[in-house]
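Sequence order for the protein chains is A and B.
All the letters of the first sequence, read from the start, carry residue numbers 1 to 228 under full-length UniProt numbering.
All the letters of the second sequence, read from the start, carry residue numbers 1 to 143 under full-length UniProt numbering.
Note that these hints are calculated values from the structure, not bench results.
Source: prediction; values computed, not measured.
All C-beta atoms, glycine included, are put in the ideal place defined by N, C-alpha and C.
Careful, some of the hints might be misleading.
[To be verified] Taking beta-carbon pairs under 8 Å as the criterion, some of the chain A residues facing chain B (in silico): (1) L9; (2) R40; (3) A43; (4) E44; (5) A47; (6) R54; (7) L55; (8) A82.
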Amino acid sequence: MIVGTRKPLAEIQDMVKKYDRLLLAGCDTCVAECASGGRREVAELAAALQMAFRLAGKEMAIREASVDRQCVHEFLLEVVEAAQEADAVLSLACGAGVQALADRLPDTPVFPALNTLFIGETAERGLWLENCRGCGNCMLGITGGICPVSRCAKSLLNGPCGGARNGLCEINLAKELVPEVPCAWLQIYDRLSALGELDRLVELTPPKDWSCGDASGPRRVVRSDQQG
Amino acid sequence: MNQKLNVVLMACRQAVPDPLRLSNPLGQAGLNVRVIHEPCSSKVEVFQMLRTLASDADLLWIVGCPEPACQLVEGSFRMAKRVGHARDYLKEIGLEPERLGMTQLPAGNQEALAALAKEILERARRLGPNPARVSTKVEKEQP
Chain A
1 MIVGTRKPLA
11 EIQDMVKKYD
21 RLLLAGCDTC
31 VAECASGGRR
41 EVAELAAALQ
51 MAFRLAGKEM
61 AIREASVDRQ
71 CVHEFLLEVV
81 EAAQEADAVL
91 SLACGAGVQA
101 LADRLPDTPV
111 FPALNTLFIG
121 ETAERGLWLE
131 NCRGCGNCML
141 GITGGICPVS
151 RCAKSLLNGP
161 CGGARNGLCE
171 INLAKELVPE
181 VPCAWLQIYD
191 RLSALGELDR
201 LVELTPPKDW
211 SCGDASGPRR
221 VVRSDQQG
Chain B
1 MNQKLNVVLM
11 ACRQAVPDPL
21 RLSNPLGQAG
31 LNVRVIHEPC
41 SSKVEVFQML
51 RTLASDADLL
61 WIVGCPEPAC
71 QLVEGSFRMA
81 KRVGHARDYL
91 KEIGLEPERL
101 GMTQLPAGNQ
111 EALAALAKEI
121 LERARRLGPN
131 PARVSTKVEK
141 EQP
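Take these sequences, add in the hints, and give me the full structure.
Right under this line is the structure:
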């Protein structure tokens, strides 16, 4: 899923301060799972903005809406309709959702309430980890289901860097991280060892073709069988 | 001039089985008191806390059980975390976080209940009207 966090309230307030009627649009999929942009968070932010603007001497009219997937145009009808009564829309979706909504609202300003961070996993309640960088050439089949591109701080493809201490990545020395970041390559080794498949690591992985990733401009997927 | 302030209490049914014991002394002291009985304090969401402060409360107080006594095992623990999160939000808003109170009250402890009523009354009077709620217009306290 896509993981994001809410922007500071002051930044949000500053973006929308010149408008009088605001629609807050949530997304009930990824950003709801990471407790930053679902209908609960929409309700929280609506109340918070109302109070913050009131303290600043302004009565802001705020409506709330939330859809299942803000990044899919078919799901946006309800928000687009609600936006007709608004001067601006504040989206609590990921960057893709914000842009899909902006595309459907050519005459209405759309602002992001979140900072979109990464593709991640809910590791435990209240803890989301970046586990995929969308590199476009997945090597999890070699590395035992543990991604060195996203989980190794240096994205090394052929083993650890030598900086690991006690099973932990050396980035733990640079800043306090809770929980501490393990060495992904040690995790890969332990996992393959447990599976009895260490031979997967015998062959060297060639330099990565980053043109499949984000190094070659906007990516797209075209599926003619899915197109109308 | 004394003012009639709105206090909303969201109270766990187990911690406060008879809410009149809490609301009566506060009402007699001149506060408008509304008690919302909850099956567990953990049922109160952050957005409900913020909405209540944005709409009608000068002071909001969540009352749950002591953590080991919570019938839902971790309800009081969750409530405390949510109150912390909501208070952080209030700081960002620029409103006093003390406008959101929290107590873990042993059920049936009349002394603790009286102390809580006293604390709520003092807090409400100290903070006064909530400038961030819909209308800060307050009624005069009845003599």
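Right, here's what the structure says about each hint:
no., hint, verdict
1, L9, "holds, 4 Å"
2, R40, "holds, 5 Å"
3, A43, "holds, 4 Å"
4, E44, "holds, 4 Å"
5, A47, "holds, 4 Å"
6, R54, "holds, 5 Å"
7, L55, "holds, 5 Å"
8, A82, "violated, 18 Å"
Hint compliance for this structure: hint 8 alone is broken.
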